[in-house]
Amino acid sequence: MLVNTILFGVLALVVIITAAGMVLSRNAVYSALFLAINFVTVGFLYLLLGAPFIALVQVTVYAGSIMVLFLFVIMLLGAENLPESGKKIFQRVLAGVLGLILMGEIGFLLLRKAGLTAQVITPPEDFASPVAIGLLLFDQYGLLFLITSIILLVATVGAIILSRGDTPKGKRLED
Amino acid sequence: MVPQNVAIPINYYLVLSVIMFAIGTVGVLVRRNALVTFMSLEMMFNAANLVFVSFAAYHKMLAGQIIVFFVMTVAAAEVAVGLALMVMIFRSRQSIDLDQVSSLKG
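Heads up: the sequence lines are chains A and B, in that order. Count the first sequence with our numbering and you get residues 1 to 175, in order. Count the second sequence with our numbering and you get residues 1 to 106, in order.
Wrong hints could be hidden among the right ones.
Listed next, the stretches of chain B that the computed footprint assigns to chain A, with coverage defined by at least 3 CB atoms under 8 Å from CB atoms of chain A [stated by the list, open to error]: (1) 8–19; (2) 22–31; (3) 34–41; (4) 51–62; (5) 66–79; (6) 87–97.
Simulated DEER-style distance windows between Cβ atoms [said to hold, decoys possible]: (7) A/L94 to B/L104: 33 to 41 Å; (8) B/R93 to A/Q91: 27 to 35 Å; (9) A/L146 to B/R93: 22 to 30 Å.
Calculated directly from the structure, the hints in this document are not laboratory data. Where a beta carbon is used, it is the ideal one built from N, C-alpha and C, also for glycine.
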């Protein structure tokens with residue numbers, strides 16, 4: 001019991017530190033690497049919550065492909081160190097205060113909903129196995145799964161058309 | 001692989017995800033680099049997913065994990081389109097500073 005609490009504490013600390021590091025670091029490449037650590041650590045939290053399939057999807061999709069895409073675009077554009085233009089100090093303070101207010105509000109609502117003594121008990125071993133998730137996904141949520149494939153197809157076509165940079169007539173879009 | 005008898009209160013997970021969400025919000029508000037703003041958005045997605053998975057374990061319902069799967073898919077599509085848009089903006093303006101993309105402000 002105690003070991004699990006310590007494990008959760010360490011993981012939560014890493015999550016918060018990497019999140020803060022992502023927001024605060026000047027270099028966009030460092031931000032992306034902090035975010036990758038954050039995603040992997042949240043994947044470990046999913047394992048603690050008894051969701052191995054979601055944890056693996058988190059590592060492969062988020063920490064794998066999405067972060068590679070981010071790093072690729074950062075290095076392609078050379079946008080590591082953009083000069084911070086027109087920065088006003090009161091904007092930062094205001095953003096911090098608004099963030100704290102938001103944190104208080106959501107925390108109050110969620111905790112009041114969940115009850116203060118609620119415990120997460122680990123579900124049975126085969127509760128969230130890939131077999132169970134697959135059965136549910138292709139049976140009860142089959143239509144949503146098909147719609148998801150259409151979303152991915154549309155996003156792929158859109159990304160290709162956007163990043164190609166010229167219209168079929170050979171005319172530049174930005175002209 | 002999965003530790004047995006994990007009895008961590010669900011409130012810990014909720015507080016952690018609320019902190020993550022707030023840090024992401026502050027990142028969106030503070031940073032001018034559009035890519036870092038986009039990364040903060042992804043972290044806010046992640047915080048919401050953590051709440052879904054904790055409530056799925058709490059109520060022993062798999063629907064929460066299915067929803068997380070769909071959120072991840074839509075987020076991947078959104079990242080692809082969003083990064084393509086940023087490449088286009090950078091090509092036309094030589095910058096992805098959010099303060100300079102204000103042509104629609106009127």
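Okay, the hints, checked on the actual structure:
1. 8–19: holds (count 11)
2. 22–31: The restraint on the stretch 22–31 of chain B holds, since 9 of its residues have a Cβ under 8 Å from chain A and three suffice.
3. 34–41: holds (count 5)
4. 51–62: holds (count 8)
5. 66–79: holds (count 12)
6. 87–97: It holds, with 8 qualifying residues against the three required.
7. A/L94 to B/L104: 33 to 41 Å: At 23 Å between Cβs, range violated.
8. B/R93 to A/Q91: 27 to 35 Å: violated (22 Å)
9. A/L146 to B/R93: 22 to 30 Å: Cβ of A/L146 to Cβ of B/R93: about 39 Å, so the range 22 to 30 Å is violated.
Violation of the numbered hints given earlier is confined to hints 7, 8, 9; the remaining hints are satisfied by the structure.
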